[in-house]
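S.K.: Line order of the protein sequences matches chains V and F.
So the first sequence is residues 1 to 262, counted in the numbering used here.
So the second sequence is residues 1001 to 1308, counted in the numbering used here.
These are calculated hints, taken from the structure and not from any lab test.
In this text, all values refer to a predicted model and were calculated from it rather than measured experimentally.
Certain hints may be false.
[Said to hold, decoys possible] These stretches of chain V come out as covered by chain F in the derived footprint (C-beta under 8 Å, 3 or more residues):
{"id": "1", "segment": "26–40"}
{"id": "2", "segment": "51–61"}
{"id": "3", "segment": "84–95"}
{"id": "4", "segment": "102–108"}
Where is the CB? At the ideal position from N, CA and C, for every residue including glycine.
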Amino acid sequence: MSTTAVVKIDTARPGVPLGRLVKVELRKMFDTRSGFWLMMSIGIIAVIATVSVILFFPNDDLSYSTFGTAVGFPMALLLPVVAILSVTGEWSQRTGLITFTLAPHRAQVILSKVIAAVIVGVVSMLLAFAIGALGNVVGSALNGVDPVWDMEVGVLFTIILANILGMLVGFMLGVLIRNSAGAIVAYVVYSFLLPGIFGVLAELQDWFKDIQPWVDFGDAQTPLFDNMPSGEEWAQIGTSGLIWLAIPLAFGVWSVLRSEVK
Amino acid sequence: MLVPMITVEGLTKTYGGYRAVDNVSFECRPGAVTGFLGPNGAGKSTTMRIIAGLTPPTSGQTRVSGVRYQDIPNPGTQVGVLLDASAQHAGRTGREILALSAATMGLPMSRVDEMLEVVSLSKSESKRRVRNYSLGMRQRLGIANALLGDPKILILDEPANGLDPAGIHWMRSLLREYANRGGTVLLSSHLLHEIEVIADEIIVIGQGRIVAQGTKAELLRTAGTFVKAGDASALANALTAAGISAVASGDGGLRTEAEPEEVGKAAAIAGVALVELRPAEGAGLEEMFLELTADTQREVVTPEGAQA
Chain V
1 MSTTAVVKID TARPGVPLGR LVKVELRKMF DTRSGFWLMM SIGIIAVIAT
51 VSVILFFPND DLSYSTFGTA VGFPMALLLP VVAILSVTGE WSQRTGLITF
101 TLAPHRAQVI LSKVIAAVIV GVVSMLLAFA IGALGNVVGS ALNGVDPVWD
151 MEVGVLFTII LANILGMLVG FMLGVLIRNS AGAIVAYVVY SFLLPGIFGV
201 LAELQDWFKD IQPWVDFGDA QTPLFDNMPS GEEWAQIGTS GLIWLAIPLA
251 FGVWSVLRSE VK
Chain F
1001 MLVPMITVEG LTKTYGGYRA VDNVSFECRP GAVTGFLGPN GAGKSTTMRI
1051 IAGLTPPTSG QTRVSGVRYQ DIPNPGTQVG VLLDASAQHA GRTGREILAL
1101 SAATMGLPMS RVDEMLEVVS LSKSESKRRV RNYSLGMRQR LGIANALLGD
1151 PKILILDEPA NGLDPAGIHW MRSLLREYAN RGGTVLLSSH LLHEIEVIAD
1201 EIIVIGQGRI VAQGTKAELL RTAGTFVKAG DASALANALT AAGISAVASG
1251 DGGLRTEAEP EEVGKAAAIA GVALVELRPA EGAGLEEMFL ELTADTQREV
1301 VTPEGAQA
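This is chain F alone, in the form it adopts within the complex (with noise of 0.2 Å):
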């Protein structure tokens, strides 16, 4: 058994009457990426800067591989932290921003050149100021910074925002290379589909609390069929008929208990012709996660289908 390297013990954050973080404990392995799943403003950021020892806990606790984060000496060379590649001096070169990291850390500054060459930022980009950088090209130099000091956890906050599709493909293999060799990574986003390709472990969180959390396979196991129809209600009909249950589930689909056998019996019967019929694989992750979303972002996401 290994020891996690990253412990979040009972964590609440308040803010006057508003609970950012309510309650929140998880770990993470090393050789493992974990992902923080959640909507905006669920408390991903709140959590990922309190870890990092910038805010201060209303109450529980953080520990990087059983320390204080302000316990570990020269913690860049241990933990490698992204919180907001937009937090930058406009005025400095991106060049100048990995120089005073890496001087601080007390590092060579032919790290700083490799670190370039490894998020592909060119000499010629990285002299110019960070304020004519576009957002990719910022989490670029974030994702370096990060990496400076050779650290053996990743903290990455939105890393893949502003990345243009080969850039986010670029950081998936790199982030799955880093675990491969051992390396802990803490990554968040609020888009499933991110977290669904890169993660190992999953952690999903809705305004400021754990929702759902285990290894990708345990939450994407959902039992049951997930079935659709060109005729929608048809569908519906015959599955009530039947007497199997279904619910309404991503696009014009339905999700129910029985099993896929079951379920194309029941349509043949009724003579609807199916357009899919499978296993619900992860179909119980996106409910839950559209249910969140919709709760926080104001936005009516019914999805489309007949409750049967």
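Isolated chain V, as found in the complex (with noise of 0.2 Å):
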């Protein structure tokens, strides 16, 4: 209050541009101590997995895809959870009361967590491809061999998109269950027992072999981390994810918009 005798609020003042919340989104992922040190076992854990390749892997099958696929699991884990977290926090930590205050058109908070998460996402996968060829070349050299680059920049690609589409899973559990014990324990049965459910299913059901391609979203994914999926593949990427991934995170978000923030 600068001015006395105030009788109006401003509303003719600009609003707050999507650029400044992805900014405290991103600011938000590192600002606690749990958060950091997520952050940093991204780092840390890519540096352990190659060195365990270079310590335990037989010699002469040294190859980068060897420590992308070492380096690449541990990302598949852990970037949906960060995920998971940027949108649970709100409501497990209750700072949504002061998140929906400031910024009251909850789509636009909801955009800006998705746009902070994916650019951790790729970020993350960069840093983890980087480490992985350092330990290549590393290891090649330990080794007296030349380093062996048996990866496709393209699949390189398409890893970083399966992680996304990790990471958006892992995003839609969030805005569904809003909790985030439930949401990690949700994606660990999503990601884990659903593909077994699915295995056995298509096992025992001929009907089910046939159509799993189209509908289950894990094993629609598969492609994408040796080669360029096909056109098909394309296509069953497409309406298994639009099954297990995009109806139920619109349905997550059209309840966050809805919901009551206490």
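Fit chain to chain and form the complex, with the hints in mind.
M.R.: Dropping the structure here:
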């Protein structure tokens, strides 16, 4: 209050731009001890995985794909957790009371969280690939052989895409469940239990085996990890992703927009 | 006539069959502190969350300076809100929490230091994680967060909770000055005394419904007399003998519609020694509030003294 007798609020000033919200969301991912170490663990685990490959893997078989797989696997676990916590923290820690009073357009807040998570995902994956590449060079040098680069650049992109999809799954579970512990458990069930159930079902029922690539999101994504998917495989990622990601995500966002923040 | 800064019209919020807020309407003027008084669970917090756009109402509407809260661009710079001082990420430092809000509002970080100073949180305290804060420190942080954007309206839910007496005194002067400079304050409390001391306008709410509202002067102006004697039953008999009807009020006293002079005479005739005899200012409000509290707190609050 700098002037007296103010009788109206100012509704002509600019709103909160999306870019500012993205910056704030990125900051929130690092500014707690748990968040900071979650981020650090991405780099640390990538280094541990790379060193382990050099130490324990048969020397003759060393190639970049070995490093890529070793470094990529922990990413597939950690990145979705980053996405989950960015959403659920607002409810589990009740910070949403402030977040959504300062930025009442919740869709914008959710979008800024998605953008922040994707930025973190892409940067983490590039970092992981770089650490893997360094490991490949160092490992080969230690063994006195030429480094083997057996991964195409295109596959690096599709692996990043697969991890982004994994983060969006975490995000989807986050907006649906809005509880940190619950959403992480749901993610474990979703990514480890569900594929097993589909696998068993495909073994037992021939009709399911035929449609499995179209409805099993995990199965449909496997081509992303070894080669450029074919047109049909992209379509399968699309249909299964619609069922297991897009529709529940839309429902989750819709419920966040309507829900009570308390 | 000044435009109301907060308007609540026919607001109702139901949870299943439970009406948490039941047809509530009121207005808050600029330059005044409006006290929202009611026992715990009366619907104060729900009403405030609805005003801040966090809870969708079942029916009715709320407006902030004529517009919906959601339609205020960068609302933190217009309306300062503190809904629950404990609703903080325990792992963030106090300073970081203010920094996040300042970044969202697009304010310079120097504003964070200014506000920490205003609420008397020291540099070292502000670098501690909120997990290690007392409730009083969280309240100060929450008030700093509400003031950060230099808003024209403050909405504070139970801001005195957990503050020590010096802190409560500090908060009162802060809000008084803020209102004197033209600001609008809506604050809630479950303590009558708290509201009496600070508010210009009082809204009393119980079980979701407004049971009384008006300026402090209006609500405290109760006709009649408050009288108290060492021997309560002798006093009651004396009043009955004089044809004056009275009801129990406060701590062993009686309240009556009759004038103090009449009451004094009746006591003198009966030879009852009085401890107190005064106009019954505020006694009506207190009785009403005790009644409300008794309904919701499940404690038997029977005012002492005989019914005459």
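S.K.: Now tell me, hint by hint, if it's right for this structure.
M.R.: Hint-by-hint comparison with the structure:
Only residues whose C-beta sits within less than 8 Å of a C-beta in chain F count toward coverage, and the segment 26–40 of chain V has 7 of them, enough to reach three; the restraint holds. Only when three residues or more bring their CB closer than 8 Å to a CB of chain F does the claim for the segment 51–61 of chain V stand; here the count is 0, and the claim is violated. Three residues within the 8 Å Cβ limit are the bar, and the segment 84–95 of chain V against chain F gives 4, so the coverage statement holds. Check on the segment 102–108 of chain V: 4 of its residues sit with their Cβ under 8 Å from a Cβ of chain F, so the three-residue criterion for coverage holds.
Hint 2 from the earlier list is the only one contradicted by this structure; the remaining hints agree with it.
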